[in-house]
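Novice: From first to last, the protein sequence lines stand for chains A and B. Be aware that the first sequence starts at 1, since it is given in this note's numbering, and climbs by one per residue. Be aware that the second sequence starts at 1001, since it is given in this note's numbering, and climbs by one per residue.
Simulated from the structure, these hints should not be mistaken for lab results. Misleading hints may appear alongside valid ones.
Stated by the list, open to error - Keeping only pairs whose Cα atoms sit at most 30 Å apart, straight-line, the calculated DSBU-like set for lysine-lysine is:
#1 Lys53/A - Lys1024/B
#2 Lys170/A - Lys145/A
#3 Lys172/A - Lys1040/B
#4 Lys117/A - Lys1010/B
#5 Lys170/A - Lys88/A
#6 Lys1040/B - Lys13/A
#7 Lys164/A - Lys1040/B
#8 Lys1010/B - Lys145/A
#9 Lys1040/B - Lys89/A
#10 Lys1040/B - Lys159/A
#11 Lys28/A - Lys1040/B
Please read all numbers here as calculations on a predicted model, not as lab measurements.
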Amino acid sequence: MTEAALIEACKRKESFAQRLLYDRFVDKMYLLCMRYIAQEADAEETLSDAFFKFFRNIDKFTYIGEGSVRAWLSKIVVNECLMFLRKKKQLVLPIDDTGVHSGLAEQDTALDHIQTKDIMRHIQAMPAGYRTVLNLYVFEDMSHKDIAALLQISESTSKSQLFKARSMLKQKITEQGAGH
Amino acid sequence: MKSSLEQQLKQQLEQSSPEDLGFKPDRERMWHRIAAQQQKKTLLFRPWLTHAAAIAAGLVIGSFFLARYQEDAGQKQVVPAVAVHTPQQQAGAVMQQPAGQLQPAKPVTAALQHNPVTKSAVQPAHAWVASPSAAGQNTTLPQPIAAAPQQPVTATAQPLPEPLVAAKEQPRVKVLHLMDINNENTRAMQQPEAQRTVWAWMAPPGASPGGNSFSAQVGQIFNDKK
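Hey, can you work out the whole structure from these sequences and the hints?
Specialist: Here you go:
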C-alpha cells in the first residue's frame, strides 16, 4: 500500500491504515526519540503522544511526495521531545554564550573501530542542551538561525553549544578508540 | 558545516534498527497507548453531549407544557355547582324533555338570577333547552334563562331528573332550539361575540342575534316583551 493511500485511509479514521503507518515509521521515530531523551520509558511515552497528535491532525497534512510523511512526522516527534525536555526542565541553555568556538569543521575521525551503538550511547550521555543542538544541526539539518528561534536562544549560543557537543563526542570516541 | 564524521554517523543511524543499537522498544504497548488516547478523546465527548441533549429536551418539553397550561388556564371558564329547582318552587313554564332528546355530556344549569334564594348559589354559564319538535310531546316554549356574568363552567354531565324551571326574564337572552342546530360541532365559544351569551356553544356557525332563524325570531319575541 502506498503512502498516499495510507494517508487517505488514515484521514478516514481507518484503524488498519493507522496501524500500517505506525509500523512503517515506528523504528525510525523511536531512534529519533532516543537521541533526544535518554530514558527508554520516557521516549516511548513521548513517541506515543507524537503519533497520537499525528493521527489527530492528519487532516491538515497534504501528501506532496515520497518522504513528506516522514518529514512531517519527524517534525512532530522533535517538537514533542523538546516539550518533554522543557517540562522536565532538562533543556537548560544559556541565553547568550560567548564562549570560544570554531566555525571550522572538526577533523575527521574514523568510525571503523567504534560501533554505532557506542556513539549513540555517548550522545545520550551528553547534557540535554549539547545533545539537542547537536541533533537539530546534524540530524535534522537545521541552521543555527532556525535552532536559535526554536530554542529561544541566540545564534552564538547555538554555535557554542554545537562546538561543545562536538568536542565532547570527539573526546569520547577518541578515548574509546584509544582503549581498543 | 557538517564534518564527514557527522555525516557518517547520520548515515549509520539511518540504516540501523533499534535492536542493532541495543534498544528494545515495546511497539505493541505504544500502539495500545495510542489507540486508548484516541478512544478516550471520543468517550469524553459523548457523555457530555448526551447529558446536554437530555437537559435541553427536558427544557423544551417543559416549556411546551407550561405554555399550553397557561393558554388553557386563560380560556377556561369554570362554573361552580348550580341548583336545579323543581317547578313547584317557581312560577313559570315547565318543559318536559324526553330522554332521547337530551343533550349528552353538557353542563346543565338553571339561572335564577332574580331569585334571592338561589342567586348566590347559581352561577350559570350554559343552559340548554330541547326543542318541541318531538311528536306528541307536551312541550311548551321554554322561558329564557338569564345569562349570568362570565363564570367558570364545571365540566360535569348530569342527567336531568326533573324538568327545568324557567327563570324570570333576563336581559341578553338568546334561546336556541334543536331546529337551529345544523351541525353538532358548532362551538360558539370560538366566536368572541358569542362568548358573551349563555347559548353560545350551541349556536351554528352562521348564527347571529339578528338573523332570520327560528331561534332568533323567538329571541326577538321575548326581547320585545321586556
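Novice: Next, verify each hint and record whether it holds.
Specialist: Tested hints:
Distance restraint check for Lys53/A and Lys1024/B: the Cα-Cα separation of roughly 23 Å lies within the 30 Å cut-off, and the hinted pair is therefore satisfied. Note on Lys170/A and Lys145/A: the hinted pairing holds, with a Cα-Cα distance of about 24 Å set against a maximum of 30 Å. With a CA separation close to 45 Å, the supplied pair Lys172/A and Lys1040/B exceeds the 30 Å bound. For the suggested pair Lys117/A and Lys1010/B, the alpha carbons sit about 12 Å apart, so the restraint of at most 30 Å is met.
About 28 Å separates the Cα atoms of Lys170/A and Lys88/A, which keeps this hinted pair within 30 Å; it holds. A hinted pair counts as satisfied when its Cα atoms are at most 30 Å apart, and Lys1040/B with Lys13/A qualifies at roughly 15 Å. Our distance criterion of 30 Å between C-alpha atoms is broken by Lys164/A and Lys1040/B, whose separation comes to about 44 Å. Only pairs whose Cα atoms come within 30 Å are accepted, and Lys1010/B paired with Lys145/A is accepted, the gap being roughly 21 Å.
A C-alpha spacing of about 28 Å is found between Lys1040/B and Lys89/A, which places the hinted pair at or below 30 Å, so the restraint holds. A C-alpha spacing of about 43 Å is found between Lys1040/B and Lys159/A, which places the hinted pair above 30 Å, so the restraint is violated. A threshold of 30 Å between alpha carbons decides the hint, and for Lys28/A with Lys1040/B the separation of about 27 Å falls inside it, so the pair holds.
In the structure shown, a violation is registered for the earlier hints numbered 3, 7 and 10, in ascending order.
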